[in-house]
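Enquirer: If you want the building blocks of each chain, they are given just below.
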Amino acid sequence: MPLMYYLGLSAFMFTIGILGVLLRRNPLVVFMALELMFNAANLAFVAFAAFHKVLDGEIFVFFVITTAAAEVAIGLALIIAIFRTKHSVDIDQMSELKG
Amino acid sequence: MSALQWVFIIASLITVGAAVMMVASHRMMHAALWLAVALLGVAVIFVTLEASFFAVVQLLVYIGAILILIVFAIMLTQRSTEAGSRLNSLAWGAAGVAGVIWTALTYVFIRWVVSGTPMQELGASFDDVVLLGKALVDAEGFAVPFEVASVLLLAALIGAVYIAFERKGEGS
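Line order of the protein sequences matches chains C and P. Under this note's numbering, the residues of the first sequence are numbered 2 to 100, in order. Under this note's numbering, the residues of the second sequence are numbered 9 to 180, in order.
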């Protein structure tokens with residue numbers, strides 16, 4: 002299997018994730034699209050680790066997964082806190098911090 | 009074609025299809041289930057890369073923990089889910105940005121992989137969980153980032169509880 006196949010799949014997944022982040026208005030879908038982008042990056046890391054036969058890529062994936070877990074925990078807590086005060090989770094209505 | 013290539017092609021088609029359905033689906037819960045399918049496809053692709061540890065971690069952490077959190081958040085904010093199907097007002101600009109990024113990524117990959125290094129078969133990767141574990145606790149290796157990651161997870165745990173905690177006399 003050439004490396005290019007894995008990189009192409011990774012690029013395509015990353016682009017779909019960007020589309021989800023930019024297009025959708027519900028922050029939960031935005032979170033899911035972010036997870037997709039994390040996964041695309043992890044796929045590229047693991048493919049490069051297998052290609053170059055070094056461990057560093059896989060170690061980086063380990064830390065990416067850790068950071069993703071922390072990010073999701075904080076983000077979902079924020080969404081629930083926003084929903085509790087505004088009774089809506091529409092991204093366009095989250096403009097309270099606008100100067 | 010070899011069996012491995014068939015597995016890769018089928019898994020990548022399922023992953024890409026599920027990802028597109030996730031972004032396109034109108035209902036939040038359907039999007040979460042399509043995300044589960046996409047994550048499962050990535051786990052299968054990790055297996056074809058002979059990274060068995062990360063295939064298992066993908067199942068445990070992403071599908072087991074993160075997706076459950078997302079499903080709970082969807083259920084907690086259910087009143088808003090009906091309005092979630094609307095797209096952003098700048099949809100065409102977003103599509104343009106995504107197209108530009110995809111073109112740039114593919115251009116860089118093709119130019120770099122094809123002209124820089126020849127199209128080379130991926131060999132059997134070393135799949136040594138022992139090496140990975142030793143590198144993570146080795147003081148010469150990645151012991152410090154490992155400990156920092158544990159502190160980060162603890163901070164995220166406390167922060168999530170603090171943010172989501174309902175304070176009395178405030179809000180509703």
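Check the hints yourself; a few may be wrong.
Claimed, not checked - From chain P, some residues computed to sit far from chain C (all C-beta separations above 10 Å):
| hint | residue |
| --- | --- |
| 1 | I18 |
| 2 | E58 |
| 3 | A147 |
Unchecked claim - Sample of chain C residues at the chain P side, in silico, Cβ under 7 Å:
| hint | residue |
| --- | --- |
| 4 | M2 |
| 5 | G21 |
| 6 | V31 |
| 7 | L35 |
| 8 | A42 |
| 9 | F49 |
| 10 | V55 |
| 11 | L56 |
| 12 | F64 |
| 13 | V65 |
| 14 | A71 |
No wet-lab data here; the hints were simulated from the structure. This one's a predicted model, so the numbers in the text were calculated from it and none came from an experiment. Beta carbons are placed, not taken as given, at the ideal position from N, Cα and C, and that holds for glycine.
Enquirer: For each hint given before, does the structure comply? Return the numbers of the non-compliant ones in rising order.
Expert: 2, 6, 7, 8, 9, 10, 13
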